[in-house]
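**Student:** Please build the complete structure, drawing on both the sequences and the hints.
Residue numbers (numbering that gives the first Met the number 0), protein chains in the order written: chain A, 0 to 533; chain B, 0 to 279.
You can trust all of the hints, since none of them are fake.
In the BS3-like style, the derived pairs of lysine-lysine whose C-alpha atoms are separated by at most 27 Å in a straight line are:
id	chain 1	residue 1	chain 2	residue 2
1	A	Lys438	B	Lys206
2	A	Lys453	B	Lys238
3	B	Lys216	A	Lys438
4	A	Lys458	B	Lys237
5	B	Lys42	A	Lys234
6	A	Lys32	A	Lys322
7	A	Lys453	B	Lys237
8	B	Lys237	A	Lys454
9	A	Lys458	B	Lys238
10	A	Lys121	B	Lys42
11	B	Lys206	A	Lys493
12	B	Lys238	A	Lys454
13	B	Lys237	A	Lys438
Only some residues are given here: those of chain B computed to face chain A with a beta carbon under 10 Å:
id	residue
14	Ser45
15	Arg49
16	Asn51
17	Phe101
18	Glu102
19	Ser104
These are computed hints drawn from the structure, not numbers from a lab. Glycine included, each C-beta is placed from N, C-alpha and C at the ideal position.
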Amino acid sequence: MKMATIRVTVAVAGLMAAAVIGRSQVSYNRILKAAEEPQNWLTYSGDYKSWRYSKLDRINASNAGSLALQWAFQSADLGQFETTPLEIDGVLYGTGQDNRAFALDARTGRAIWRYQRPLPDKVQACCGMVNRGFAALGEHLFMATLDGHVMSLDMKTGNVIWDVEAADYHQSYVFTVAPLLVKDKIIVGVAGGEYGVRGFIDAYDAASGKRAWRFYTVPGPGEPGHETWAGESWKTGGAPAWITGSYDPELNLIYWPTGNPSPSNNGLERGGDNLYSNSMLALDADTGKLKWHYQFTPHDLHDYDSTQIPVLLDAPWQGQPRKLLVQANRNGFLYVLDRTDGKFLSAKPFFSRLNWAKEIGSDGRPVVAPGSEPTPEGTRTCPGALGATNWFSPSYSPQTGLLYVAAAEECDVFTNAPQQYHEGHDFMGSVYVPASGEKTWGALRAFDPFTGEKKWEFKYFTPPNGGCLSTAGGVVFAGDSDGNFLAVDARTGKDLWHVQIGAAIYSSPMTYALDGRQYVVIPAGGALFAFALP
Amino acid sequence: MLRVRSVYFAACAVICTVTWTNQALGQEKEIQNPLAGDPSAIKEGSSLFRANCSPCHGLNAGGGGRGPDLRAGVWVHGASDAAIFRTINQGVPGTEMPANPFEDSEIWALVAYLRSVSTGTKTPVAGDSAQGERLFFGKSGCAQCHMVKGRGGRLGPDLTRVGAARSVEYLTESIREPDKELSLAMSDPNNHYGIPAEYDTVTAVTKEGERVIGVAKNEDAFSLQLLGQDDKLHLFLKKDLRDVIHERRSLMPAYTESRLSNQELQNLLAYLSKLRGEDR
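**Tutor:** Okay, here's the thing in structure tokens:
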């Protein structure tokens with residue numbers, strides 16, 4: 000035991016001497032300017048605008064074909080490895096399934112430490128015992144766990160600094176989200192939309208773990224929006240918030256998307272718009288106070304969570320410079336909002352067979368197609384419950400001006416049925432199945448983010464569960480559900496390179512640089528793979 | 000929040016965390032359903048069934064693409080309350096039936112529901128199963144593509160336990176109208192490896208114009224692993240192919256009445272419904 004400890008200490012010391020020169024801490028200021036130090040990856044989406052874009056250009060369209068495996072790290076469990084690791088000054092920090100976490104030498108993939116918070120038997124997560132990653136500040140990492148805790152770990156050892164219970168997992172409140180660090184606070188959103196939770200977004204003091212604020216995504220009695228829930232349905236209204244938001248420091252606003260109302264397929268007992276389900280929320284970063292909201296899919300009946308990454312762009316809109324927010328939504332529309340006030344600007348379909356709505360009206364409300372709601376016998380509706388896209392990351396490249404989105408082409412048959420709420424149990428109001436006899440597939444697509452015009456697509460054989468990364472090298476990296484990790488030309492979508500890594504990819508790539516070499520990292524199955532030029 | 004294709008997959012994804020907690024273990028015969036006949040339990044069981052079981056067993060338990068009819072009173076893995084409880088809780092190893100992380104009370108509600116829709120009569124399928132077996136391995140040609148206990152062809156699904164896994168209605172439709180719903184392989188229910196689950200007819204067209212017809216064992220954006228009608232594995236890179244055509248039909252011919260009389264069909268069904276894989 001003692002030997003092991005000494006060995007770890009030596010390894011860390013060696014690494015610091017080699018890779019950490021004058022910097023061993025992640026300040027808020029560094030995260031603010033994360034895009035300016037592309038050798039590191041300091042926050043879940045790469046920067047606060049959530050572009051998942053890197054200025055690294057060592058790997059480019061003409062040499063990507065030579066990419067080769069540098070190392071692989073085996074976590075523990077085969078399954079959905081959803082983390083986006085952070086890379087900070089030569090060390091990678093990631094989370095795994097079943098409350099696991101690890102730190103790796105970014106040059107070799109050798110583990111510096113491993114941690115697992117014990118996972119109680121009764122934890123229920125609808126879609127896998129997953130986690131999407133850390134946030135970092137100072138010398139500490141922050142992780143939200145499946146059993147409803149928020150934790151701070153020491154970067155060099157994995158030692159627990161603080162550990163607070165945010166919510167009761169017995170009631171199916173679980174965390175899968177990678178936290179967002181803003182100033183001195185850790186922001187997290189809860190999951191559990193399949194179990195009738197009352198969703199919330201929390202902020203914790205990074206130093207102490209004390210809760211700074213909580214915003215309930217389902218308003219309680221007396222709060223604005225409460226009237227959008229019939230009877231007592233708000234108590235089990237869902238609207239979880241399980242994907243990492245974005246942040247505008249000038250406006251001091253956090254943009255955090257929310258998920259489906261519960262029960263997802265049966266709206267009979269939750270009449271009304273069901274605010275703030277399937278919405279974009281703009282919250283004051285210091286107080287958690289709601290500045291504005293925009294609801295993409297009022298009174299949703301198809302599990303169209305809006306938990307897709309909000310991409311922040313500053314660009315002219317109809318001749319005027321505007322602060323914009325762009326989101327490719329699970330309901331099949333690509334939205335543009337003004338992020339100062341939430342004003343709806345446009346929504347264009349990016350799913351060819353979309354049939355649940357005719358359009359999004361000029362007032363920002365969908366014109367819902369008659370007969371698209373679930374019935375006891377089933378109604379075929381497109382997109383399916385998997386969505387036109389989903390939680391996995393899009394990417395925006397300022398070099399091409401294009402937004403890259405992994406899209407799924409699937410229609411489902413949705414049924415509904417009354418269901419009584421039982422604490423900690425499934426609460427979906429029936430079921431959906433893929434529409435019979437229809438081939439499902441997917442694609443990596445490039446769009447003009449403002450007009451919604453599709454510039455190219457690279458076809459996937461099956462609907463994807465992995466997102467994408469774009470770089471100044473003019474390359475888009477992405478992973479498909481058939482186990483292919485690939486690099487395509489950012490301008491044309493042409494396949495530059497691909498490799499079969501043996502398991503469906505349930506994550507989005509990230510990149511960093513060390514010793515003048517650019518690495519691209521992707522998790523799949525139970526392993527993390529790092530690729531670079533020879 | 001759900002983002003997998005069906006609740007069935009979601010249930011599969013958490014199997015690893017399930018702990019066997021029920022009291023029935025080792026004392027199956029004695030345990031009776033405490034909720035038997037309880038109307039509110041039947042109602043709860045009905046909604047649980049729709050949400051969790053119907054993707055395979057059909058909306059009203061009448062059988063679906065992957066699961067047998069549960070109304071027929073045929074309980075292959077045990078007919079007692081305790082045995083059905085165990086089947087739901089633990090799943091059936093070696094089959095497509097997964098373990099399910101329900102509370103005990105929920106399983107009893109499901110059992111109450113299933114009893115409420117079951118006819119409770121175990122009627123053997125009419126027909127001469129010996130004649131059916133001769134048809135299967137003889138003039139109907141089924142065994143050219145289907146295997147039973149290691150005997151037969153390999154292009155179509157193995158039918159060693161098809162009588163336990165599929166309803167008679169499903170089998171009838173598969174024989175008379177095989178294109179109506181393509182059979183599912185379900186070798187990767189959690190979608191961890193991206194293995195396609197269908198028996199679709201796929202034609203690969205080479206650059207030279209050669210057409211190879213078969214069933215895709217796997218496929219992605221870059222390659223195709225085809226089991227050809229010639230009984231050979233063809234491993235293609237898509238860049239070497241001119242086209243890959245998914246025909247959305249079964250390779251199996253439709254056995255219409257001119258090909259298989261109603262009496263022959265009945266004999267064949269009697270044979271297939273007896274295939275339960277016990278003495279494999």
